[in-house]
Structures are given as structure tokens and as C-alpha cells.
Amino acid sequence: MKNFIKKTALIVTLAASIIPASYAQKRVEILNVSYDPTREFYQELNPIFIKQWREQTGQELTIRQSHGGAGKQARSVIDGLEADVVTLALAYDIDAIGEKTGKIAPDWQSQLANNSSPYTSTIVFLVRKGNPKGIKDWDDLVKPGVSVITPNPKTSGGARWNYLAAWGYAENKYGSAEEAEKFVTQLYKNVPVLDSGARGSTNTFVQRGIGDVFLSWENEAFLAVNELGPDKFEIIVPSVSILAEPPVTVVTGNAERRGTVDVSKAYLDFLYTAEGQSLAAKHYYRPTYPNLVDPKLLKNFPTVTTFTIDEAFGGWQQAQKAHFSDGGFFDKIYQR
Amino acid sequence: MAKSRSYSVLPGFGLSLGYTLVYLGLIVLIPMAAVFIKTAELSWDQFWNVVSSPRVVASYKLSFGASLLAAAINAVFGMLLAWALVRYSFPGKKIIDALIDLPFALPTAVAGIALTALYAPNGWLGQYLEPLGIKVAFAPLGVLVALVFIGLPFVVRTVQPILEDLETELEEAAASLGANRWQTFWYVVFPILLPALLTGFALAFARAVGEYGSVIFIAGNIPMVSEITPLMIITRLEQYDYNGATAIAVVMLVFSFVLLLAINGLQAWTARRTGRTL
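Each protein sequence line maps, in turn, to chains A and B.
My numbering puts the last residue of the first sequence at 336; the count rises by one with no breaks.
My numbering puts the last residue of the second sequence at 614; the count rises by one with no breaks.
Here chain A stands alone, though its shape is the one from the complex (with noise of 0.2 Å):
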């Protein structure tokens, strides 16, 4: 009895190792982990990519997705789930992954043009139709009686360029750290609901009708004003603001194990081509190469200046520690 078990077993390990080899031939699949509003953006993206995968390869690709907070979604990676790209709304997190399980080289954030952002976006001001409080400028922000709505750096990702946008704004024009930390510790004052998640402060901005300004990416800002209606919200763009850069990357231990190397970085450079960098622009992305896009899918961009975080903060491992670790500078705000 104890016999037949085992070369059962055995059986069915090596048909298990078998079986996929020759299988992969024909068919492949991959999994990318991706955060929440890049749904329809990478909705649209995918069938396309997969016809002309199978036109150059013959391959029957099929192409799964994964949304959810950006830290969620790569702790789920940490934790075993087999992605084989990542394409989340901060490096840091992307870092993580690295760090935790080795699966991403250190350096991964060279290897694609742009530092691996294929698509970008900032940070901009969504008010209430007609501007009552006449929000031009962050200096508007930390105004006595101005309600501003932002998720909580501290469990979302993209709270946290909002933050680190008010930052960099303050300490360049006030010219030192410690106006920075005042300005956006006045900032924070105004705040009267700090979201777990960015869309749980969308809703709180449109559905609760609460603050006067609601600190959003742009691409998010574009959708609500599309979605909800001109006639209800207004964007603002600040005289400056962060570049935020969500960055993608193939998770090498992962791919490298299921054989899906080649697929999944032809995928990630898809992105890049004329078809991706449309399709980003069409979702609200900023693409990383305007020319390759129809300038009618631009003429909504408005102009903006912006810093990046490595010029401004030595890069996402630096400003995580500064500000949002804990005892950084976001803790403070609410400890004194």
C-alpha cells in the first residue's frame, strides 16, 4: 500500500514537470500585479498585446491581472503570489519585493527606460465647481479655514507623493527643512479625514461632499472630472509639483521558475511602443514619449513643473525613512 502511494506520487510529480514543459509551446500565461487605477487602462492594453504576441510567436497568451492598494498587492507578491511583472504606483514598493525575497535585482529600476516608468502622472488640486475658496496655489492649502482631503500617507502609496509634492514645494520656496516641516504640518491641520486608501478619499471628497480641495493624481482627477461631471468638479494645477512615477518591472525569480522571461519583458516593452504610450495617454497617464502619441490625446495635459523624488529626495528608500517611517516627520505632525 505504502509503495503504491509513493509511485504515485512519483507519477504524478514527473507528469507535473513534464506536462507544462511541452505545454508552454503553445500556451503561456502571466500575472501582473498591478494597483488599483490602472484597471482600465491595462483592460484595454492586454488584448492587444496578446495578438501580436501570438503573431510573432504563435503563442496563446493569456495575461491575468491582480488590483489592489500598491502595498497590498506587493506584500501578496512577498508572500508567495506568483507575479510575473509588477507594475505598482511606487518603487519603494517594488523595493520591498527585491529586498524581501530577492526575486528582483537591486538595480531593476535601470534596466527599462525612464526609471522603468513607462507612464507618468502628478500631483494636482480637484475643487469644487467655480473654485469658492480660490485654491490657485499650495500656499492656498494651509489657509485657516481650508478643508483638504488626503488618504493617510502612512497606509497609502499615493498619499504619499501628495505629501512628499507639498514638501518639496515648501522647502524650495521657504528654503529650508524646518519651513517644510511647518508648512506641511499646517497642511495636515486642515485635514479632517485621512483615508485609509486613495479611492476611500474620493469618495469622501465627492459622495460625503466633504473639503474644499481633494490632493489627487492627475490621472484620477481627469476621471472623477469625466466621470462625475464637469459641472461638479474643477482641476488646479499648482505652479509646482512632484513627478510621480509608477514604475513596472519583471519579478525575475518568478518568471524565470514558470519560463515566462521573454513574454513578460516583451510585455513591459509593449508599454513603451506607440500603441502603449497612446493607450496610457488615453487613461489620463502622462506617456514617457510624447511623440509617439497623437497630439489631440496631449491637448489635455496642462503644462506643469515638476521635480522628481530623487532630486528632491534622494530617492524613495530616503524619503520613506525621513518621513514616513516610523518617529520620520509625518509621525510628528500629530505627536506635538
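Please note: incorrect hints may appear among the correct ones.
Under the rule of at most 30 Å between Cα atoms (straight-line distance), these lysine-lysine pairs were calculated in the DSBU-like manner [stated by the list, open to error]:
#	chain 1	residue 1	chain 2	residue 2
1	A	182	B	397
2	B	471	A	332
3	A	189	B	471
4	A	332	B	374
5	A	72	B	374
These are computed hints drawn from the structure, not numbers from a lab.
Please arrange chain B on chain A, whose structure you already have, making use of the hints.
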């Protein structure tokens, strides 16, 4: 146990004990042990720093305070509800009886969003409360409202069957012996209900302490003011600080366990005192 080993009416004691232990081990003890093992990677100082930081301490006060208060409110009003459902018949009673279970079945996020919509300054109820200076949504009071909502069925459902078994003859006997209504309730009915009431209280409390989904939408999540402990755990996880997250979880577990143990002890004591066996 010794008694059952020497003689038991029911066969299969060894089997059922083994099954119980294995099942409990798989479902409860192993995950709990993992929490403790993960926490043990921290040194004592690190552990203490995490669990005693001012923000976390503020969240304990809110989480445990609001949970106890919510369970107490539910104990009082849940008992009234159960009483009305058992003792009176009125049109729509079946529907109301079914409605009681709704907080069990409703996804907690839906409950949270619904309550927030109701109590937000522009909501159905919020628009009348706000001018009175009562801020429910995005304030600690909102946390309490959400916890009362999700805890209600526990008390009603534990007290209801006891009330159904309680014969009205007991009350009639008390009345015929000269007890007034208050005495009848206090000396006859209440002691019989008390153990079930405590069970319901404990269940509602335990559920409230661990609640995340419904609270997170209504709380406002302002540090030091309206952050619940489960949110502090999520915050740690977002920083990939697994050990810190489990450290806070350990504190919650131990604290909850002690409280539940105390409530169970109290329940056993009242049951003995009123001459009922558990």
C-alpha cells in the same frame, strides 16, 4: 474528565477529544502561534517601543473603550429587542426578526459606507446632527455607532432562546406571591437571563475589537484621535514591518483573551449562583 474516562454514557470520547484538539490546533492555535513566533523576532526593547508608542496607546484606548461601550449598549438594547420579539406579537414580527441578522450577513465595508453616508455632514441624519454640534462620522462617536451596529445580533440571538424557554408561569407565580413588576424582573427574570446576556456581551465585544471594515470608513482615522488598533496593524504592514504588526496583534490578543476569560469567569459564577449548570 477523570469521571468520563472511567464511565461515559456516550461512546467515542477519545475520538471526539482528538478531533477537537486537532481541529482547534489547525484552525486557531497554529495561526496564533505564528503571530507569537513572528513577534519573538523582536527584542524586548523593540517590542516595547512598538506597543507603547503614543499613537498605538491612543488606539488601544479607542478600540477597547469603544468596544466595551458598544457591547454594553448592545446588552441593554439587545435584551429589550429580544424581549419584544419573544413576548409580543405584532405585524411584521417575522421580518424584524430576520432583520436582526443583517449585520452578520452584510459585508462590513458595505455597512461602513452605508453608515458614513447616513451620518456624514451631508447625510440623511448627519445634516440634522451637525448643526446641533454632534459630529458622528469622522469622529470617535462614529466608531461607536459602527461597533453597536455590527454587535447587535450577538446579544439578541443569545438572549432570545433563553427568553423563549422562560415560562410565564414563573412571573405569574412571582406576581401572585406579591412581587411588583420591578421585583419580578430583578429577582426572577434577570438572574436567569444574566449568563446568556454575558455571553452575548462577550461575543459582541470580541467582534467589535477585531472589526476593521466598517469602522475604517466612518472613523476619519486621525492619528491620536480616531485611529483603531487594527488600523495600526495595517499601518505597520504597509511599511513591510511584519514584526511590528504582529507585536501589536499580540497585545490585542492577550488583552482580549484576559477580558474574555474574565467575562467567562463571571458568567460561570452567576450561573452557579442562580443554580443553573453550564
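Comparing the hints with the structure gives:
Using a Cα cut-off of 30 Å, the hinted pair residue 182/A and residue 397/B holds, with the two alpha carbons roughly 29 Å apart. The hinted pair formed by residue 471/B and residue 332/A meets the criterion: a straight-line CA distance of about 26 Å does not exceed 30 Å. Only pairs whose Cα atoms come within 30 Å are accepted, and residue 189/A paired with residue 471/B is accepted, the gap being roughly 18 Å. For the proposed pair residue 332/A and residue 374/B, the alpha carbon gap of about 28 Å is at most 30 Å, so the pair holds.
Between residue 72/A and residue 374/B, the direct Cα distance comes to roughly 19 Å. Compliance with the 30 Å bound is thereby established for this hinted pair.
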